[in-house]
Amino acid sequence: MPRKLTDILAEADAQLEYRSMGTPPEEPTPREIKKTPSPRAQRLRDLYFDALSSATSEFPYWYTRAYMRLDNEIPVVRRALALESAFRHLTPTIFPGELLVMGKTHHLRGSFPMPWLSEGYYMAAEDELYQEALARGSASADEVSSFGMGGGNVTKSFGPVVSIAGKFGIRKEEVPMMLRTARDWEGKSVDDVGHKYEQMTPGYEIKESLMRSVTCMFDSGYTLPQGREVINYYYPLQFGFDALISLAEAKKRDVAGRADGDGLTGMNRLYNYEAAVHVLRGVQAWTLNYAKEARRLEAIEAERKQRDEYREIAECLEWIARHPPRTFREALQLCWAVHVAVLNEDAISGLSPGRLGQVLWPWYEQDLEAGRIDEEKALELLECLRVKFTCLDCFASMGVVGGVLSGNTFNNLSLGGLDRSGAPASNRLEELILEASIRCATTQPTLTLLYDDKLPESFLLKAMECIKTGTGYPAIMNNRTAIEFLMGQYGPEGMDLEEARAIAIGGCLETSPCSWMPLSLNGRSYSIPGGSGQPTSVGVHFLSLPKILELVLFDGVDQRTGLRVFPSHGRSLDRHEEVFDQVKLYFAEAVEVLSLANNNQHDVWRKSNAAVFNSLLKPDCLDSGHLINELGYRYNATHNVETCGTINLVNSLAALKFLVYDSSSFSLDEIRKALGENFGFKTADEVGSFSLAAQEKRGSSTKHDRIHLACLAAPKYGNDDPFVDRILKEWEDWFCAECRAYESLNARPYYACQISVSTHAPMGAVTMATPDGRLAGTTFADASMSAYAGTDRNGPYALFASATCWDHSQSQNSQLNMKIHPSAIHGRKGTKKLLELTRAYMRKGGFHIQYNVVDSRILKDAQEHPEAYRDLLVRVAGFTQYWVEIGKPIQDEIIARTEYEGV
Amino acid sequence: MVPLEGPLSGSPEGLIFDIQAHSVHDGPGCRTTVFLSGCPLRCSWCANPEGLLPHPRLMVRASRCRADAYPCADACPHGAVRVDPAAPLPPSFERALCATCVEHGCVSACAHGALEISGRWISLDELMKVLDRDRDYWGPQGGITFSGGEPLSQPEFLLVALDACHRSYIHTVIETSAYADRDLLQEVALRVDWLFVDLKHMDPTTHRRGTGVSNERILANLEEIARSRIEAHVVVRVPVVPGFNDSAENLGAAARFLADLRLRYVNLLPFHRMAASKYAQLGQEYAHEDAPPPTGDEMEHHRRLFVDAGLECYVGAETPF
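Heads up: the sequence lines are chains A and B, in that order.
Read in my numbering, the first sequence has 570 at position 488, and its numbers run on one by one without any break.
Read in my numbering, the second sequence has 242 at position 37, and its numbers run on one by one without any break.
Be aware that one or more of the hints could be misleading.
Stated by the list, open to error - Derived DMTMM-like pairs (lysine to aspartate or glutamate); straight-line CA-CA distance at most 25 Å: (1) Lys117(A) <-> Asp368(B); (2) Lys334(B) <-> Asp535(A); (3) Lys238(A) <-> Glu225(A); (4) Lys911(A) <-> Asp330(B); (5) Lys334(B) <-> Asp456(A); (6) Lys915(A) <-> Asp337(B); (7) Lys915(A) <-> Asp398(B); (8) Lys334(B) <-> Glu447(A); (9) Lys536(A) <-> Glu331(B).
If you are wondering where the hints come from, they were derived from the structure by calculation, not from laboratory data.
Start from the sequences, fold in the hints, and give me the full structure.
In structure tokens form, the structure reads like this:
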């Protein structure tokens, strides 16, 4: 009988699974708030539940075909013509019952590969392209990442369907076309060209070792070059596509042949406007193709009500393809079309609609006044929008989409905050968005509440009610902290306080720069917010801090692969300060080489593959004639350094200081030996679980028990213990300042970003045991401010005190996930308590908190009986996902999180 | 937020004579108290006499009246203002006529602000707007308190208002005489978070003498509240009026009665004379003009009677809530 860690702890009168503040009721408690969508949205959501993630080669085929014929055309025009061709050729499909139409492809759910970015990763594992990708480290993360087996993921081929990229199904007959298209890009993709040049950056061999050892995962330059940003719908909403095309044509006449004092890029403006015209025409034609499809369906539909609906769809599309919208529905449909068009232009995760309820307010308000809409109608539309967003899929490598994103696409809708003048910006439409998200619970768009003390109590309570559905949204971001961060980061580019108030979240919790745009509708003036910055989370992603500690303890050699990652440091490590110092040195070296390689990748991306459509939407590209690649965006200081496993690093440094350097209970060699032998435990893979509690000893030996228990009992973050918190503060102050020492390709400083997304699973999987007692292969602590599972034992206020020992506004974000038992916040009093808890953390300067309201026993049951839980939603780290579509390591980690039974 | 379910338009309106923000003695935390007009009792010491009748009341502030002219009399279409140049100011008002008046032209006619109408109709929508504003300032404990008058005298308005508050997560408190229909009181008790119920005297005859009604219904309702397992926090309030109900015999009987019912929380409210000027403004006699309020020692003595019966008893505002 193998000894489990839980048994060993029980013998020592200790425990691991932790329920803070009491015990839950005997019976598993379902979530309290549960409503149902409108019949229409319910039917559409059921369609989604039955649909598989599907890939097609339609878009890449037409793109590639046009592109390859245009040798020697100006790159931006060449790309625009390829995009125009692809948009014009997409097959439109409309599903019965839809009010909002259009999607990425003709499939209900799915996406397509973009071989011009990277072509190797989705080939079959035995393919030479894939093997080559593996050798250079760009596919290493794929090897250790996994998708959930259930839901719409196609993780295995079946019948005539072939599984690719670990998630999508593609029809067998389309595979030769897809491979042929991919082959066309061999040696030409951003990945391939970028690889050629990144090898020229100093320290490149370290970069490769960092990727191969999974000290770092995710090259953003070719996997997801855009996203983690807020879209801007303003120009199409205010002017319409016809006027934008005319505007670009007029601008062409203005700038053709003129450098206007800029000898480097002045002449480029002509080509940029020309590119804009082509892409706008492509998007317009694509929209009109959907209108034609609606007309076709209208002509053959026998049932009168459905026929009328097709006609309304056609009328709406025919109008918005050319003109600015007149009604709320037209405005919503246009926003959706624009959103999908941007997503089809580039591989993107985290394209956030921003403060959509405030963007659409002018139409909603005027429709309401004119009696054209009522709240139920608006709710139905908003519910349909949720289903539409949920059907989006992102096609990238398994390491990125599975390992980092858990299949989520991070279209984050922000609510609340302040308006331009500093008054609360929440409105009734935002309350309806919350209500629609309660009634029609789906993964997308996820919601963020921009918490500000000025927001009305009633609005905040509505948001808490939504959290109690258990979907985990809205996450709560501290509006004031975000404004402070933005002023610090973008002040040098001219951002003032008014502008900083336009803030919204891009991606899961990336604080993003936005701007106020002057909108006029029927003679009334409004100021609407929208994104005005480059992707705010590209750069050095993600750096595994526990792995860096492992490299420090073992003199630069990765213990899983035996690979030397860093040159030997040769230090004796006989003082805590020396260990900490070497962690910083290795970390700095990693950021140095990774930032150089990243700058190069993104430079290659922007030279041949720059965004045209996304660019022209953002201020001030249309005015200046410069796109993203020529820093046409208002804010360009957007590159960051992302970390993972902060708390395991901090706890480990604390354990070493406590056990080795302060009390001399063990020598560093003893610890190293125990870590090397995984404290006598089997590997997590052998056990088949990735949570600490489930781990089993190898054989019946009690070897390492004493040292392991001591490591587990050492002081831990999350208990208001200055011994640990001082280490956290020292790390945060150093890390946030250090990032600014590196220069992005835009010649702006990098900044710190601290979200784990799902990387704490694959990065934990490749990391040996750590001095805090965590065992090899098990998942790291989630997020950046969450305590390691079961180690926060003094209640939420102690956790908050630890988390706020440093100034969060130095960083783009921080992240704290909290699991609360539904009974702890039951009833009306519970809702108010949840708000008070949130408010307490915000007042102390916490940047972000999100809640998982769920009974762990229900999650355990769902792991055993996934078929009964198709619609179960959980919060992971910055996003909400269907339980059955999450990989097992993350499932285990969520179950293991400390469950708060009282607040 | 205005609740999504339950339309507000078409809801009954309520007659109120005051809304007080930052009200700190009418339930936990900082609250907004709404005073509803109309009361079936006529307690001689009533602190809110302007709220007794189910219609707006004219209040006359003698100190502001100036003798230069009588525009109030000119503005009155009912001839209710009796001007006698020889008599001291202000002129006298025929209150029976005023009670039927809806125009109240006299109020706006008076340039000195000597005339005022107490009581106005408020829609649920308007009330919720006030609460939506105030709740941003209450803090976690606060909420709304429905007082009066007797709030149960406007049951339609009260019930929809309580429902609207419930849906909006607003903490609700009611202060009632419990002289009400049994089923209605139950309906209300089920909807509120806190219930303050008055107990004025244990003897039916004396009760009728002091309040105009017998206490039988009140005692029965208290028994009913104690029996039913409502979730609301119940506090029994005893106004201590010297010479009326402050005998050891009566208070002792009240303590035993409450202890038997296991109604644990008691709040003794010492009589005060702050309402005296309001009686004058209404043109009414005030029976307690010269009665001294009970001393602190006396109140402590009374409190002991309840504590000895095993109850948690607090005096005035010195409560843990």
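For each hint, the structure was consulted:
1. Restraint check for Lys117(A) and Asp368(B): satisfied, since their Cα atoms lie roughly 19 Å apart, inside the 25 Å limit.
2. Among the hinted pairs, Lys334(B) with Asp535(A) is consistent with the structure: their alpha-carbon atoms are about 19 Å apart, no more than 25 Å.
3. Between Lys238(A) and Glu225(A), the direct Cα distance comes to roughly 15 Å. Compliance with the 25 Å bound is thereby established for this hinted pair.
4. Under the criterion of a C-alpha separation no larger than 25 Å, the hint pairing Lys911(A) with Asp330(B) is consistent with the structure, at around 24 Å.
5. Between Lys334(B) and Asp456(A) the alpha-carbon distance is near 20 Å, which keeps this suggested pair within the 25 Å criterion.
6. With a CA separation close to 19 Å, the supplied pair Lys915(A) and Asp337(B) stays within the 25 Å bound.
7. Proximity of Lys915(A) to Asp398(B) is assessed by CA-CA distance (about 15 Å); at most 25 Å being required, the pair is judged to hold.
8. In summary, the hint linking Lys334(B) to Glu447(A) is supported, as the alpha carbons are separated by about 19 Å, within the 25 Å threshold.
9. A distance of roughly 22 Å separates the Cα atoms of Lys536(A) and Glu331(B); the hinted pair therefore holds under the 25 Å criterion.
Consistency with the previously given hints is maintained throughout, with no hint failing.
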